[in-house]
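**Q** Line by line, the protein sequences give chains P and A.
First residue of the first sequence? That's 1 in UniProt numbering, and the numbers climb one at a time after it.
First residue of the second sequence? That's 1 in UniProt numbering, and the numbers climb one at a time after it.
What you were told as hints is all true, and nothing was included just to trick you.
A partial selection of chain A residues facing chain P, derived with a Cβ cut-off under 8 Å:
| hint | residue |
| --- | --- |
| 1 | A60 |
| 2 | P148 |
| 3 | S354 |
Honestly, the hints are just simulated from the structure, not real lab data.
In this text, a Cβ means the ideal position worked out from N, Cα and C, and glycines have one as well.
So you can see what is in the structure, the chains are spelled out below.
Protein chains: 2
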Amino acid sequence: MPWPGDGTPDDPTDVESRPFPRAEYRDRLQRVQEAMARHAFGALVVVDPANLYYLTGYNAWSFYMPQCLIVPAHGEPHLFTRAMDAQGAHYTAYLPQSQIHGYPEDLVQRPDVHPFGWIADRAIEVGLLPVGVDARVAAETDAHFFSPRGYLALLSRLGQGHLLDSHELVNWVRVVKSPLEQDKMRVAGEIAQQTMRIAVDSIEVGRRQCDVVAQIQYSQALGARKLGGDYPAIVPMLPTGETAGTPHLTWSDLPLRAHEATTIELAGVHHRYHVPLARTVSLGRPSHDLDRCAGAVTEGLQAALERMRPGVPARDVHAAFTEVIGRYGYTKASRLGYSIGIGYPPDWGEHTISLRPEETTVLKAGMALHVILGMWMDGWGYELSESVLLGDDGPERLAPLPQELVVKI
Amino acid sequence: MPWPGDGTPDDPTDVESRPFPRAEYRDRLQRVQEAMARHAFGALVVVDPANLYYLTGYNAWSFYMPQCLIVPAHGEPHLFTRAMDAQGAHYTAYLPQSQIHGYPEDLVQRPDVHPFGWIADRAIEVGLLPVGVDARVAAETDAHFFSPRGYLALLSRLGQGHLLDSHELVNWVRVVKSPLEQDKMRVAGEIAQQTMRIAVDSIEVGRRQCDVVAQIQYSQALGARKLGGDYPAIVPMLPTGETAGTPHLTWSDLPLRAHEATTIELAGVHHRYHVPLARTVSLGRPSHDLDRCAGAVTEGLQAALERMRPGVPARDVHAAFTEVIGRYGYTKASRLGYSIGIGYPPDWGEHTISLRPEETTVLKAGMALHVILGMWMDGWGYELSESVLLGDDGPERLAPLPQELVVKI
Numbered sequence: 001m002p003w004p005g006d007g008t009p010d011d012p013t014d015v016e017s018r019p020f021p022r023a024e025y026r027d028r029l030q031r032v033q034e035a036m037a038r039h040a041f042g043a044l045v046v047v048d049p050a051n052l053y054y055l056t057g058y059n060a061w062s063f064y065m066p067q068c069l070i071v072p073a074h075g076e077p078h079l080f081t082r083a084m085d086a087q088g089a090h091y092t093a094y095l096p097q098s099q100i101h102g103y104p105e106d107l108v109q110r111p112d113v114h115p116f117g118w119i120a121d122r123a124i125e126v127g128l129l130p131v132g133v134d135a136r137v138a139a140e141t142d143a144h145f146f147s148p149r150g151y152l153a154l155l156s157r158l159g160q161g162h163l164l165d166s167h168e169l170v171n172w173v174r175v176v177k178s179p180l181e182q183d184k185m186r187v188a189g190e191i192a193q194q195t196m197r198i199a200v201d202s203i204e205v206g207r208r209q210c211d212v213v214a215q216i217q218y219s220q221a222l223g224a225r226k227l228g229g230d231y232p233a234i235v236p237m238l239p240t241g242e243t244a245g246t247p248h249l250t251w252s253d254l255p256l257r258a259h260e261a262t263t264i265e266l267a268g269v270h271h272r273y274h275v276p277l278a279r280t281v282s283l284g285r286p287s288h289d290l291d292r293c294a295g296a297v298t299e300g301l302q303a304a305l306e307r308m309r310p311g312v313p314a315r316d317v318h319a320a321f322t323e324v325i326g327r328y329g330y331t332k333a334s335r336l337g338y339s340i341g342i343g344y345p346p347d348w349g350e351h352t353i354s355l356r357p358e359e360t361t362v363l364k365a366g367m368a369l370h371v372i373l374g375m376w377m378d379g380w381g382y383e384l385s386e387s388v389l390l391g392d393d394g395p396e397r398l399a400p401l402p403q404e405l406v407v408k409i
Numbered sequence: 001m002p003w004p005g006d007g008t009p010d011d012p013t014d015v016e017s018r019p020f021p022r023a024e025y026r027d028r029l030q031r032v033q034e035a036m037a038r039h040a041f042g043a044l045v046v047v048d049p050a051n052l053y054y055l056t057g058y059n060a061w062s063f064y065m066p067q068c069l070i071v072p073a074h075g076e077p078h079l080f081t082r083a084m085d086a087q088g089a090h091y092t093a094y095l096p097q098s099q100i101h102g103y104p105e106d107l108v109q110r111p112d113v114h115p116f117g118w119i120a121d122r123a124i125e126v127g128l129l130p131v132g133v134d135a136r137v138a139a140e141t142d143a144h145f146f147s148p149r150g151y152l153a154l155l156s157r158l159g160q161g162h163l164l165d166s167h168e169l170v171n172w173v174r175v176v177k178s179p180l181e182q183d184k185m186r187v188a189g190e191i192a193q194q195t196m197r198i199a200v201d202s203i204e205v206g207r208r209q210c211d212v213v214a215q216i217q218y219s220q221a222l223g224a225r226k227l228g229g230d231y232p233a234i235v236p237m238l239p240t241g242e243t244a245g246t247p248h249l250t251w252s253d254l255p256l257r258a259h260e261a262t263t264i265e266l267a268g269v270h271h272r273y274h275v276p277l278a279r280t281v282s283l284g285r286p287s288h289d290l291d292r293c294a295g296a297v298t299e300g301l302q303a304a305l306e307r308m309r310p311g312v313p314a315r316d317v318h319a320a321f322t323e324v325i326g327r328y329g330y331t332k333a334s335r336l337g338y339s340i341g342i343g344y345p346p347d348w349g350e351h352t353i354s355l356r357p358e359e360t361t362v363l364k365a366g367m368a369l370h371v372i373l374g375m376w377m378d379g380w381g382y383e384l385s386e387s388v389l390l391g392d393d394g395p396e397r398l399a400p401l402p403q404e405l406v407v408k409i
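Produce the entire structure from the sequences given, and follow the hints as far as they go.
**A** Set out below in structure tokens:
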């Protein structure tokens, strides 16, 4: 399949089939290898599907089986995946077939052998993984989909002391978004905005939670601006009534009831780039507590967004919010938000910047953050969020909708 | 929230809010502890969200953060999760608050400390995890969402040699479905059947892939028989045209084209129980190759289902299929199917029985299998599947639809 935008003979333009031009991937690889050099890593084992997509474009629902990308200190990365997935990996990944290795089907889900043993052997054989007394191989040892058995199989080939933690090296390279990535996020923002409008409209007394979700999922796939929607890393969440006091409940087929509030958390997604968004809807006049909390949080959000400028440490954004809600007598124990961009199930957070008191990372233009203000109380809750792209002059709201509690009477 | 069906004073009937009565969970725990005793495990660390749900009913999108259930050799299990999720865990889990432990928010995504260190310390403190020279703790070391860093944190508290692999102990307890579980699967089957009908209807020349997915996802959430649909562990997959030769592509916003075939793989889901289903649709007269392959696979499927009886080793089902397609000159390298039941992203397979030559497990009544016949060729592909419940007299098709290639002209 052809590549867009490079203008080189092997890269004719076909914008529809490939989300990014080759040059973008070359730049990403270079920045990862520069970071590897700073840590003297001889190779990097990348397992997080979001990092595989970032570095190669590889995009398939194959991450439920062991797979990885191995990035050498110099030269091109190689993809290792199940044989049936290796065969079609070139439909999405820019890699030539010589850099794609499929492990045999009979290694799948066996108690005695593990695909990561095969992967390590092959990678050593083709010279990708250094071995010996000085070898320093880093791996994503806290990534989803890298199991202890996979790790132990890799370790058995490399030897104790030669397998290090990458400390989310690729994730940190991803924090500043390129202009092309920012465009993807703006499309995702429109999908999020449109879908939240539909979700809020469909919240009605007597309607079942699953009916609301049906509307949300329809809109998420449809997309916006004639550009399709992609699947979200997290399904729509609808904590309702009493259960709104707990953040990660999904949905049931119970009907929505009068005098209850529902929090909606969803994302618009385009080419794996996520824009999450949360709002709260009250069916009937809200309680005094809910109304007061909503007011404080909206004011706190304003303060947080005003504080968000390039050059400011991320923890200052947290401080601006807590200062405001503190005046109303509220506290919030959990972080206020996190860096966003590419996402795969089960998480759309980037696992880098968190808006919390310990976060000393200094904000830069091109960063993208989900400021999610969840107040989970005893038997009720309130959520409000904004996803923003940080520009030189401050945050650009990616899904600008009213920030008040929605009251439907 | 009340419990259905037990008839005891603390468990009044409320069928809507809890999928299973307490007695069902007591039985499941007992069978797991019996299996633990056979291996002399002093404790079992359960990480797979499907196993958490099976043993306690706990159901929330919190598995992107470290969490586990620790089952002692005797007595009640305890749940360990992030503080914000621990607070509302009782909405779905049957456990009293004294058996739910929330780790502090400041342990989230830190490079220096890991929640599994806190979990291990607390579990040792409350006497759940045995320590000492004879301690034998088993953990799900190939489960999704158990990272190497989590494993190493746990190992550091228990000591080398005391942390063993559970070899999917809980998954194997799950293979025979209770009558109540079978009822959930029948509802899921109706959702799958209805959704596949809608998917096939919506496949049309010029319609975008994402528009078809919008219809599928709408129907998946709506459910059937007035019972709601739950989220699938895998999003709808639509490998189309040339890319139908690769199994795990998701969708794009490209329009469907005449003279191309699309394979559809989706699931109906109810209370986390999955019934997956695959069909192939040809827009226009199929190629000779596709038509011939479809005929051979349908005949092979009949042979496989006829061979599927209690008392038969699972590998015989594989042999029956390969014998038929071999007569047509086809082979299939990958397994022919797998055990199904509860599923969480990223996989609806149970990680137990595989229909392949090495599988000696003897089939029993109450097992549920997805027989998925994917033929991934060079530049084209064909898929057909059936999800079945095995009864004394043979397989019950959970989503009975015609088994032929669908041709739309």
